[in-house]
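The primary structure of each chain is shown beneath.
2 protein chains.
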Amino acid sequence: MTTLEDYLEKNADRIDKVIHRYFGDVHGDLFRASAHLLLAGGKRLRPAVVILAADAVRRGSSDDLIPAALALELTHNFTLIHDDIMDGDVVRRGVPTVHVVWDEPTAILAGDVLYAKAFEFICLSDAGDAAKVRATKMLARTCTEICDGQSMDMAFEKRSDVSELEYLEMVSKKTGVLYGASAAIGGILAGATPVQADALYQFGVNSGVAFQIQDDLIDLFANTEKSGKDRASDIREGKQTLIAIKAREKGLDLAPYRRDLTGAEIDDLIARLEDAGVIDAVRATAVERATVAKEALSILPQSEEKRLLAEIVDYFINRSF
Amino acid sequence: MTTLEDYLEKNADRIDKVIHRYFGDVHGDLFRASAHLLLAGGKRLRPAVVILAADAVRRGSSDDLIPAALALELTHNFTLIHDDIMDGDVVRRGVPTVHVVWDEPTAILAGDVLYAKAFEFICLSDAGDAAKVRATKMLARTCTEICDGQSMDMAFEKRSDVSELEYLEMVSKKTGVLYGASAAIGGILAGATPVQADALYQFGVNSGVAFQIQDDLIDLFANTEKSGKDRASDIREGKQTLIAIKAREKGLDLAPYRRDLTGAEIDDLIARLEDAGVIDAVRATAVERATVAKEALSILPQSEEKRLLAEIVDYFINRSF
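Residue numbers (our numbering), protein chains in the order written: chain A, 1 to 321; chain B, 1 to 321.
Worth double-checking, as some hints may not be accurate.
Identical copies look the same in the list; a pair holds intra-copy or inter-copy alike.
[What the hints assert, rightly or not] Within a straight-line C-alpha distance of at most 30 Å, the following computed DSS-like cross-link-like pairs (lysine-lysine) qualify:
#1 K43 / K158
#2 K137 / K17
#3 K137 / K43
#4 K158 / K294
Treat the hints as calculated values from the structure; they're not laboratory data.
Work out the full structure: start from the sequences and follow the hints.
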């Protein structure tokens with residue numbers, strides 16, 4: 001029985017190899033800029049979901065779907081390059097971001113190149129044309145929603161009254177739908193029925209939301225060295241995360257913490273959030289979404305791949321970086 | 001017999017109607033920003049090429065291809081929104097550009113939304129799945145090339161030794177391939193054979209190059225009110241257009257003109273360029289490309305639509321704004 005850790009490692013190796021084949025030796029500033037983040041590594045979770053979903057639908061070799069798996073990673077990377085420009089982020093995956101190494105115009109174009117390649121790679125998979133058209137439509141709609149999610153996220157920065165419902169819609173679009181598309185596209189290209197594809201989509205979207213809620217918790221708790229992020233940066237920046245929203249619901253105002261915080265102050269804040277039941281409530285929401293995700297898998301036959309998909313969701317809400 | 005002028009007007013009306021149906025009443029800043037340039041009008045030349053190419057391959061109603069025709073217009077608009085950010089342009093089609101009305105992050109996302117919609121609309125056409133996959137692949141490859149063309153164009157701004165070959169590659173990518181894709185995708189969705197699709201692609205690419213060379217001439221000669229552009233702006237900015245390249249070949253250095261110029265100075269420069277044979281040489285290149293474009297159509301049966309396609313190319317190199 002393969003452990004999830006082994007599976008993800010093997011999968012990342014396989015995807016990395018393909019990435020190096022296509023992007024390892026490209027010429028010209030633009031294509032090097034496109035390849036920059038891709039070559040900086042990553043867990044390749046979306047490709048893993050594509051392939052596991054395909055194999056959960058029809059057992060057998062999934063080599064024919066590697067281009068589609070890569071397409072979802074390319075989509076993810078295109079959004080990261082553009083988001084980093086918008087958010088002014090200077091480091092990602094331990095390397096300077098594209099607009100820092102090159103410049104903003106090159107970064108806009110580098111993202112645009114990966115965007116095109118994503119659609120090209122979907123069509124390069126070895127699946128029927130009807131399935132490719134369904135997959136292309138789904139990827140296109142997903143990209144529109146991701147843009148909407150990023151737009152909502154930026155708009156939330158100017159507000160302090162974001163509701164839980166609004167937050168969940170934003171993370172569903174910004175993070176959830178791409179996992180939804182990963183699972184559904186894997187399924188569709190492997191011959192899933194519409195009902196199976198829809199279940200896989202629901203699995204993915206809910207997994208992605210759970211993933212993002214866990215990200216909010218990691219920001220507060222994580223060991224800075226492991227996560228590569230500054231502890232409590234969301235709270236210091238006044239971000240409307242589920243933690244901030246649940247705190248407000250429970251009468252705890254985080255606005256006074258929108259400033260530089262010492263480690264002791266963060267520890268004190270965590271204690272207050274725990275006492276008020278905020279952390280438990282946030283965790284419960286993540287667990288709830290993870291449960292919905294796993295339940296969506298119930299219409300698929302038992303298989304090793306189905307088990308690994310369920311384990312991925314558990315990993316999403318249990319990881320500490 | 002329909003005149004080209006009538007045809008283009010009718011086509012623009014038809015495309016405008018569809019644009020208004022899909023983008024006229026959208027909600028939220030992001031989607032309004034996506035619709036902004038689209039709703040500001042335009043000649044809808046690429047949609048016209050899509051539909052004429054389809055009808056030149058198989059006669060009959062082309063209503064089924066309106067979504068694909070729109071897809072090519074969306075692609076064009078996405079590149080304009082992103083290019084305007086990169087080039088710092090503040091007015092387009094008589095309205096302030098997207099990043100000026102909103103901001104750069106919104107403009108990046110607005111372009112990204114149209115990008116996704118382009119692929120979605122290709123798949124919404126009423127054609128066979130195999131044709132849609134071919135069209136999707138072609139659109140994806142075209143987008144990569146357009147990015148490369150824009151990247152070359154920006155890199156050329158830092159150089160004064162761009163060769164004619166480099167210039168032609170740049171405009172082929174920046175402007176030509178989208179006309180190539182328009183013609184080929186129209187053909188493909190209408191059931192063109194690979195040979196027909198390739199001929200249509202060649203028709204489009206060469207038409208687009210001729211179009212761009214004429215644009216360079218318009219910048220120098222045009223009535224500012226009609227073109228909406230400052231006269232001789234390319235020369236004042238030291239752009240490496242075919243005019244600048246041919247002038248250099250003939251020993252005429254345009255570098256001293258890289259500054260504010262009076263109308264009299266521009267007239268004097270035009271006289272010098274004409275005397276040196278630069279203008280004739282540039283026009284000859286445009287005519288040559290237009291001829292190659294029209295010759296590519298020879299494998300298609302005679303039809304009104306084929307005649308109109310040939311007339312579009314003549315219009316491209318004869319228009320004065």
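Results of checking the hints against the structure:
1. K43 / K158: This pair counts as neither: shortest intra-copy Cα distance 32 Å, inter-copy 39 Å.
2. K137 / K17: This pair counts as both: shortest intra-copy Cα distance 27 Å, inter-copy 23 Å.
3. K137 / K43: Both, since 26 Å and 28 Å are each at most 30 Å.
4. K158 / K294: neither (35 Å within a copy, 55 Å between copies)
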